[in-house]
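Engineer: Sequence:
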Amino acid sequence: MIYITGTRDIHLENTAVALGKFDGLHRGHQILIEKIKQYKSRGLQAVMFTFDFHPASFIQHKPLELIFTREERIKWAEKMGIDILIEFPFTKETSGMEAEDFVRDILVRDIGAKMIVAGSDFHFGHERRGNVEMLQSLGKSLGFEVDVCHKLQIEAPVYEDGKFTGRREMRDVSSTLIREAIRRGDMEFAAEMLGTPFSVSGEVIHGRQLGRTLGMPTANVAPPMHKIMPPNGVYSSRTLVGAYEYHSVTNIGFNPTVADNNSKRMETYVYDFSGSLYGQEIEVQLFRFERPEMKFESVEALKNQIHRDKAKSMEYFGTHYHI
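Residue numbers for the sequence shown follow the working numbering, beginning at 1 and rising by one.
Note that these hints are calculated values from the structure, not bench results.
Treat each hint with caution, since some may be false.
As the list claims (entries may be wrong) - Keeping only pairs whose Cα atoms sit at most 25 angstroms apart, straight-line, the calculated DSS-like set for lysine-lysine is:
| no. | residue 1 | residue 2 |
| --- | --- | --- |
| 1 | K37 | K92 |
| 2 | K114 | K21 |
| 3 | K264 | K227 |
| 4 | K264 | K303 |
| 5 | K92 | K35 |
| 6 | K92 | K79 |
| 7 | K151 | K35 |
| 8 | K114 | K163 |
| 9 | K114 | K35 |
| 10 | K312 | K295 |
To be verified - Label-pair restraints from in silico Cβ distances:
| no. | residue 1 | residue 2 | range |
| --- | --- | --- | --- |
| 11 | L142 | E169 | 53 to 63 angstroms |
| 12 | Y244 | P224 | 43 to 53 angstroms |
| 13 | D161 | A301 | 26 to 36 angstroms |
| 14 | T7 | R183 | 48 to 58 angstroms |
| 15 | F296 | K227 | 22 to 32 angstroms |
| 16 | G43 | Y244 | 31 to 41 angstroms |
Just so it is clear, the structure is predicted and the values come from calculations on it, not from any experiment.
All residues carry an ideal CB built from backbone N, CA and C; glycine is no exception.
With the sequences and hints as input, model every part of the structure.
Structural biologist: Right, dumping it as structure tokens:
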């Protein structure tokens, strides 16, 4: 896969371009990606076009909580079979660009779009004046086709005052809805929208090594900056180490029983793993919230609870099939 970022100097020809923020890479986004891959049979290169950071971050002058970090998005795009990933610079000049100029000068002249794939609610250009109807109109004069994808809907749980009402209603699959689920700790609903479990990747760093003294060595990862994280607590998880997968239990939080500082961390006890993970890049997939973070009276009480967490997690994985 070719990865283009940090430049407006792009010269491509004969492309099928998927337009979107692609901040969630959810099942709705995946429909767009599968569409442009189909046009490869026409000799078109499959291009995923997005910005180097979310326009909302630029406008609101504050970083958006990321479902996928940039590194995770690159990895995902390559896995999906994209030919070219473009992260176009979102600057003051870009935000002020008229929609027609964006289509003519960027998408057609520079990127060589012959097919443009976008969601039915996609807006672009200065003051979001551009839409799919404009794309279709411009396509007739500029020589490209437009494939419009309708929003994917899902039965979403309804909450009132932070509590599940027992009811569900149809809602559009969106990054906003995924963020809501993650903030609640509803990892199973988030996974349903993402098409894969929500995960956190990072390098294993040295911790306090308490787990080793308990006979349960853990892998510590500092959550990436601006990555959205679910509530503090314990989760049934799966840990990917290279080509290998292991069931695990993950604690997110401050470890109040033994912590000596206020740094938030993600600590994962990986079953049946021997050896050292220090310095390795791992991916921890969070499947289900099991319990909130607690403070125990003793290290022995903590150890007993970890055994109970493991048993509960093993039961979960024994009765669930996962992607």
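Engineer: Assuming the hint says 26 to 36 angstroms, is it satisfied by the Cβ distance from D161 to A301 or not?
Structural biologist: Given about 33 angstroms between the Cβ atoms, the range holds.
Engineer: For a C-alpha distance cap of 25 angstroms, please report whether K312 and K295 respect it.
Structural biologist: It holds: about 19 angstroms lies between the C-alpha atoms, which stays within 25 angstroms.
Engineer: Take the C-alpha atoms of K264 and K303, compute the straight-line distance between them, and say whether it is at most 25 angstroms.
Structural biologist: holds, 20 angstroms
Engineer: Compare the distance between the alpha carbons of K114 and K35 with 25 angstroms, and conclude whether the hinted pair is satisfied.
Structural biologist: holds, 13 angstroms
Engineer: Given the hint of 53 to 63 angstroms, check if L142 and E169 actually sit that far apart at their C-beta atoms.
Structural biologist: Check failed, 40 angstroms falls outside 53 to 63 angstroms.
Engineer: Has the given pair, K37 with K92, been kept, meaning a C-alpha gap of at most 25 angstroms?
Structural biologist: Measuring from Cα to Cα gives roughly 32 angstroms; hence the hint is violated.
Engineer: Is the straight-line distance between the alpha-carbon of K92 and that of K79 25 angstroms or less?
Structural biologist: Measuring from Cα to Cα gives roughly 32 angstroms; hence the hint is violated.
Engineer: Evaluate the given range 43 to 53 angstroms for the C-beta pair formed by Y244 and P224.
Structural biologist: At 22 angstroms between Cβs, range violated.
Engineer: Check whether the Cα positions of K151 and K35 lie no farther apart than 25 angstroms.
Structural biologist: Since the Cα atoms of K151 and K35 sit roughly 14 angstroms apart, the hinted pair holds (cutoff 25 angstroms).
Engineer: Would the hint linking K114 and K21 be met if the CA-CA limit is 25 angstroms?
Structural biologist: holds, 20 angstroms
Engineer: Are K92 and K35 close enough, with their CA atoms no more than 25 angstroms apart?
Structural biologist: violated, 31 angstroms
Engineer: Quick one: are T7 and R183 within 48 to 58 angstroms, going by C-beta?
Structural biologist: violated, 35 angstroms
Violated hints, in rising order: 1, 5, 6, 8, 11, 12 and 14; the structure is consistent with all others.
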